[in-house]
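Asker: If you want the building blocks of each chain, they are given just below.
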Amino acid sequence: MVYILSEKTDRSTDLVTEWLVYLKSSFKRLNDEERVEASISVSNNGVESRYYQPRKVWHRRGNLNFLPDEIYDHYPDRTAFLRYFTRESSVLGEFFESRYRKLLGRNYIGSISQESLNNKLLNLVLASKNGFLIPQTLVTSNKEELVAFYKEHGCVITKDLRAPVNILSAGGHIVSDGVKLLNDKMIEQLEEKFVPVFLQKYVQKKYEIRSFAACDKIYSMAIFSQGDESTMIDYRNYNNKKPNRCVPVNLPPMVEQNLRNLMAAMEMNTGSFDLIVNKENEYYFLEVNPMGQFHWLSESCNYHIERDIAQFLADGK
Amino acid sequence: MTRSILCDLERQSYLQIPNDLYRILTDHRGKSVAEIKAFYGNRYDATIEDYFARLSNAEFVFATDHPELFPVLDSSWDEPFELTNAIIDIDNKSTFELESIFYQLSSLHCKFIQIRFFKSAQIEEMGSIIDFLNSMRSNSIGLELLVGYNELSTEADYLLLFKKYKRLNSLIVYGMPGGKVIKRIEHSRYLVFTPVDLSSEHHCGHISKELFSINIKTFTEALNFNSCLNGKISIDKRGEIKNCPSMTSSFGNIKDTKLSQVLLHPGYKKNWKITKDQVHTCKSCEFRYICTDCRAYVQHPDGDGLSKPLKCGYDPQIGEWTDWSINPLNQAAYRHYFGEISLQ
Chain A
1 MVYILSEKTD RSTDLVTEWL VYLKSSFKRL NDEERVEASI SVSNNGVESR
51 YYQPRKVWHR RGNLNFLPDE IYDHYPDRTA FLRYFTRESS VLGEFFESRY
101 RKLLGRNYIG SISQESLNNK LLNLVLASKN GFLIPQTLVT SNKEELVAFY
151 KEHGCVITKD LRAPVNILSA GGHIVSDGVK LLNDKMIEQL EEKFVPVFLQ
201 KYVQKKYEIR SFAACDKIYS MAIFSQGDES TMIDYRNYNN KKPNRCVPVN
251 LPPMVEQNLR NLMAAMEMNT GSFDLIVNKE NEYYFLEVNP MGQFHWLSES
301 CNYHIERDIA QFLADGK
Chain B
1 MTRSILCDLE RQSYLQIPND LYRILTDHRG KSVAEIKAFY GNRYDATIED
51 YFARLSNAEF VFATDHPELF PVLDSSWDEP FELTNAIIDI DNKSTFELES
101 IFYQLSSLHC KFIQIRFFKS AQIEEMGSII DFLNSMRSNS IGLELLVGYN
151 ELSTEADYLL LFKKYKRLNS LIVYGMPGGK VIKRIEHSRY LVFTPVDLSS
201 EHHCGHISKE LFSINIKTFT EALNFNSCLN GKISIDKRGE IKNCPSMTSS
251 FGNIKDTKLS QVLLHPGYKK NWKITKDQVH TCKSCEFRYI CTDCRAYVQH
301 PDGDGLSKPL KCGYDPQIGE WTDWSINPLN QAAYRHYFGE ISLQ
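From first to last, the protein sequence lines stand for chains A and B. Here the numbering used here is used: the first sequence runs in plain steps of one and ends on residue 317. Here the numbering used here is used: the second sequence runs in plain steps of one and ends on residue 344.
Don't read these hints as lab results, they were simulated from the structure. Glycine is no exception: its CB is placed at the ideal position from the N, C-alpha and C atoms. You may find that some hints are simply not true.
[Stated by the list, open to error] Covered stretches of chain A, going by a simulated chain B footprint (3 or more residues, C-beta under 8 Å): (1) 17-27; (2) 242-255; (3) 299-311.
[To be verified] Think about it this way: if two alpha-carbon atoms lie no more than 16 Å apart in a straight line, the pair counts; the simulated EDC-like pairs of lysine to aspartate or glutamate are: (4) K217/B to E299/A; (5) K143/A to E188/A; (6) K242/A to E59/B; (7) K24/A to E82/B; (8) K164/B to E144/B; (9) K209/B to E320/B; (10) K206/A to D65/B; (11) K242/A to E10/B; (12) K102/A to E267/A; (13) K143/A to D184/A.
Generate the whole structure from the sequences, applying the supplied hints.
Answerer: See below:
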């Protein structure tokens, strides 16, 4: 059986499953929001599970969910109880992933543990070891050091260390505003003590590259974000009225090999990579999302990535 | 063709360009601007520079030392569905069952269904269709209704249909006195009132700039398939299963023929493969990959089936739009299809 672990509203999963239906391949989609029954027995004879004998797995998003819906009526908000039960049952999801990643190898695409362990700083170190340039980066909670870094590089960006801000507080819903250029006013407003802040020297770019890797292939798209004030700092500060030019691009063979080596070092077989090409045609690594979106890239470049993933999953049925 | 166009599939627009610029862009792919200038004996340097400056401003081109890294955009079209859309026509004399059609379309994974009522709106009838669709698990995810104006039906009646059925994408009320009104219900859902008469299949097949579709999906589909009929199945008001209700060939009646059988008929998909590159006149039209098509009403009804759509007023040889219906060349075809009714 082919298992797809995902979320109810994930569009990319919908598109891949449409192809699987077309290819007449049987599969089970397990959404984060829907409960699956637990059944795993471990003995000296090995591991047995009544339900899960995956031939291939696409771990697109989310976790296996073993909690009955009723539990949310008992603990409607994220109380300590609910957190406790979620944490308890997460052992099963972790077991599933770590066991089947080992058993299936490249036939287990994706990983939620890598998504949660994804560390921008570790990734930068690994990227640098694998032939990529990385922008000078500083994480600090020291104002003097921050000011010195700002003065030294002049053009400095700041972004989230792990994930974008998404806080539902009494004061309203706070979401982050993307990547920002550091300015004098921001520094003036800083208190003496503050939480660690991620800073990076701004790299003058010719274009950005979004590379999506899956099923041993790498699909790359050049994003010409430089001509637009709102996307100059980061293409994710989308301009909806006049979207950035996005065209298919190939990585030079050396860079592609570096990316494959980097993925091996990260023990990843899928992911979305953000790269920059500077005026001197040098390739910078910015970050990687182990469960990044790819539909936008697939559509803009007419890559049919959804079909390729479905074909990979359907193969050898 | 008097001009060429550059189709902007991302920003959904097009830019008219001179034919010689089209030649430069296609014949000299991968060359530097200096090489192109040299190719023309350096006699047109200023013009060529001006072309590239304009293209660069509109972000159609970027300068690079590594053109080999930028592959040509894949022009294939591939969807995991045999059918993509269906048309069902209903008038006062229609007697077929809709329920069975909905089940068949769902099992064929047909995503979009358009139902055209060639009669004035009966809210109860539309309501019961929607109740039925709500009750079934369907793979069809989009519904469009087209219905004649009825002075007894209010806007609130129509809005209720949108509320009841989330997959109702649009409802068009035709023949309504007054001007055209488009009410946006929410993202991609519209209630439209139009004074235009759409009360029969004869009203289909119009070609105009307003109907151009400029995106990667429709562009690649038009490169490889017919931009109207590909992936389409139709049930006309008498239940005849056809490529399009306005066409004459029937592949069986819905009362005793399954849609899946029709798809197996060797002739059924023949029209799906007629691209604009095969249609006379259209094949030399700059709009051919962003335009719709019509194989039901063509300029030469007794010809090879590849003459241009009758209801197109564009002449690519002179680059001008005129009213197709007053073109003397179209009179014979008009009489052939619609008899002696006076032209609007």
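Asker: Taking the hints in turn, state whether each one holds.
Answerer: How the hints compare with the structure:
1. Counting residues of the stretch 17-27 of chain A whose C-beta lies closer than 8 Å to any C-beta of chain B gives 5; at least three are required, and the coverage claim holds.
2. Under a criterion of three residues with beta carbons nearer than 8 Å to beta carbons of chain B, the stated coverage of the stretch 242-255 of chain A is upheld, 10 such residues being counted.
3. Note: the stretch 299-311 of chain A has 8 residues with beta-carbon separation from chain B under 8 Å; the three-residue rule is met and the coverage holds.
4. Annotation: proposed proximity of K217/B to E299/A holds, straight-line Cα distance about 8 Å (limit 16 Å).
5. With a CA separation close to 10 Å, the supplied pair K143/A and E188/A stays within the 16 Å bound.
6. At roughly 10 Å between alpha-carbon atoms, K242/A and E59/B fall within 16 Å of each other, so this suggested pair holds.
7. For the hint linking K24/A to E82/B, the alpha-carbon distance of about 13 Å falls within 16 Å, and the restraint holds.
8. Distance check on the hinted pair: K164/B and E144/B sit about 14 Å apart at the alpha-carbon level, within 16 Å; holds.
9. Our distance criterion of 16 Å between C-alpha atoms is met by K209/B and E320/B, whose separation comes to about 12 Å.
10. With a C-alpha separation of about 11 Å, the suggested pair K206/A and D65/B falls inside the 16 Å cut-off, and the hint holds.
11. Pair hint K242/A plus E10/B holds up; C-alpha atoms about 9 Å apart against a cutoff of 16 Å.
12. Pair hint K102/A plus E267/A holds up; C-alpha atoms about 11 Å apart against a cutoff of 16 Å.
13. Restraint check: the Cα-Cα separation between K143/A and D184/A comes to about 13 Å, which is no more than 16 Å; the hinted pair holds.
Hint compliance for this structure: no hint is broken.
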